[in-house]
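Peer 1: For the sequence shown, the working numbering gives the first residue as 3, with consecutive numbering after it.
Please note: incorrect hints may appear among the correct ones.
Unchecked claim - Pairs of lysine-lysine residues, derived as DSS-like cross-links and limited to a Cα-Cα distance of at most 25 Å, are as follows:
#1 K239 x K44
#2 K323 x K311
#3 K311 x K179
#4 K239 x K311
#5 K35 x K239
#6 K323 x K239
#7 K44 x K328
Please keep in mind that the hints were generated in silico from the structure rather than gathered at the bench.
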Amino acid sequence: MPPRKVKPKKAPALPGRQASDHPERAPRQGHAKKTVVVLSRKRALYSTRRLVAAIRARGHRPLVLDTLRCCLLLAQDAPRMTYRGVEVRGVDVVVPRIGASITAYGLAVVNHFEMMGVPVLNPPASIARSRDKLRALQFLSRSGLDIPRTVMAHDRSNVRRLVEEVNGLPVIIKLIKGTQGVGVMIAHTLSEVQTILDTFWDLGQEIVLQEFVAESEGRDVRALVVGDRVVGAMRRKAKSGEFRSNIHRGGEGQAIELSSPYMEAAVRAARVVGLEVAGVDMLEGRAGPRLMEINSSPGFEGLERATGKDIAGAIIDHALKYAEAKRAG
Numbered sequence: 003m004p005p006r007k008v009k010p011k012k013a014p015a016l017p018g019r020q021a022s023d024h025p026e027r028a029p030r031q032g033h034a035k036k037t038v039v040v041l042s043r044k045r046a047l048y049s050t051r052r053l054v055a056a057i058r059a060r061g062h063r064p065l066v067l068d069t070l071r072c073c074l075l076l077a078q079d080a081p082r083m084t085y086r087g088v089e090v091r092g093v094d095v096v097v098p099r100i101g102a103s104i105t106a107y108g109l110a111v112v113n114h115f116e117m118m119g120v121p122v123l124n125p126p127a128s129i130a131r132s133r134d135k136l137r138a139l140q141f142l143s144r145s146g147l148d149i150p151r152t153v154m155a156h157d158r159s160n161v162r163r164l165v166e167e168v169n170g171l172p173v174i175i176k177l178i179k180g181t182q183g184v185g186v187m188i189a190h191t192l193s194e195v196q197t198i199l200d201t202f203w204d205l206g207q208e209i210v211l212q213e214f215v216a217e218s219e220g221r222d223v224r225a226l227v228v229g230d231r232v233v234g235a236m237r238r239k240a241k242s243g244e245f246r247s248n249i250h251r252g253g254e255g256q257a258i259e260l261s262s263p264y265m266e267a268a269v270r271a272a273r274v275v276g277l278e279v280a281g282v283d284m285l286e287g288r289a290g291p292r293l294m295e296i297n298s299s300p301g302f303e304g305l306e307r308a309t310g311k312d313i314a315g316a317i318i319d320h321a322l323k324y325a326e327a328k329r330a331g
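Could you put the whole structure together from the sequences, leaning on the hints where they help?
Peer 2: Below is the structure:
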């Protein structure tokens with residue numbers, strides 16, 4: 003008997019796309035092939051891989067650069083960059099994925115691309131603003147957005163008064179530059195508050211005290227803003243015995259459709275901080291959304307899996323339009 007013909011397996015569809023879509027389709031007629039840089043420490047990270055796939059799916063050229071391997075060269079009116087000894091040229095737009103641990107050097111690299119005339123999806127000043135929790139909250143508060151009551155101080159003499167300023171116990175204590183739930187604690191007694199404050203102050207750490215929003219019940223809402231719209235949202239719920247709802251801390255995410263007040267608050271928060279791409283975390287207060295935090299390099303693995311949406315594609319589509327708009331002046 004002749005051998006049976008085996009049909010080749012179809013490649014799995016990317017989130018938010020039909021299986022019939024070809025992942026390597028060429029740019030539309032009249033559109034030149036672009037080089038899109040993704041600044042990322044690791045090519046294997048989910049978000050990096052998805053961004054690379056989205057760039058290729060649109061017929062453009064992805065280039066992943068390890069932020070710490072970028073060498074910045076300065077001379078009069080001639081900023082240049084090399085990567086592993088090779089000159090970096092011909093870049094059309096940069097999508098920065100700057101981890102908290104390399105913020106300082108990452109900002110220098112992003113700023114250098116801007117000096118070279120390359121559009122960067124999130125400007126360095128806005129990334130820096132979002133990384134400082136207090137600074138971001140100052141911007142959000144000044145713009146009239148609702149945030150949990152927050153206090154920052156170095157005075158150890160009257161901790162009771164500080165706690166009263168954030169509506170009493172329990173109280174949330176946060177490191178100014180923590181991420182993914184690291185450096186976020188809850189204190190139920192004044193002695194706990196005093197101990198935590200003394201420990202971190204002695205270590206030279208900057209911290210804030212924040213109101214505990216009881217009605218949120220260990221839940222929050224993550225909205226991912228791209229440009230002037232929310233491209234996906236989910237409600238995150240903390241695991242049993244945990245008050246932090248971060249997916250990295252074992253929280254679970256469920257896709258939701260946001261009401262208008264939540265969408266408007268998320269987009270406005272991103273605009274106020276100056277971010278083109280932002281993960282906006284909100285608590286569900288009795289009177290509506292309460293802005294908690296804003297992230298300039300949001301992971302979106304949990305969001306894509308929860309919603310089935312092509313978040314990476316939305317980011318790349320916006321990056322290309324953003325670059326065109328910048329070049330048009």
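Peer 1: Does each hint fit the structure? Answer for all of them.
Peer 2: Taking the hints in turn, this is what the structure says about them:
Of the supplied pair hints, the one linking K239 and K44 is violated, its CA atoms being roughly 28 Å apart against a limit of 25 Å. Between K323 and K311 the alpha-carbon distance is near 20 Å, which keeps this suggested pair within the 25 Å criterion. As the CA atoms of K311 and K179 are separated by approximately 30 Å, the hinted pair breaks the 25 Å bound. Restraint check for K239 and K311: satisfied, since their Cα atoms lie roughly 20 Å apart, inside the 25 Å limit.
Annotation: proposed proximity of K35 to K239 is violated, straight-line Cα distance about 42 Å (limit 25 Å). Taking the CA atoms of K323 and K239, the gap is about 35 Å. The hint is violated against a cut of 25 Å. The straight-line distance between the Cα atoms of K44 and K328 is roughly 28 Å, outside the 25 Å bound, and the hint therefore fails.
In the structure shown, a violation is registered for the earlier hints numbered 1, 3, 5, 6 and 7, in ascending order.
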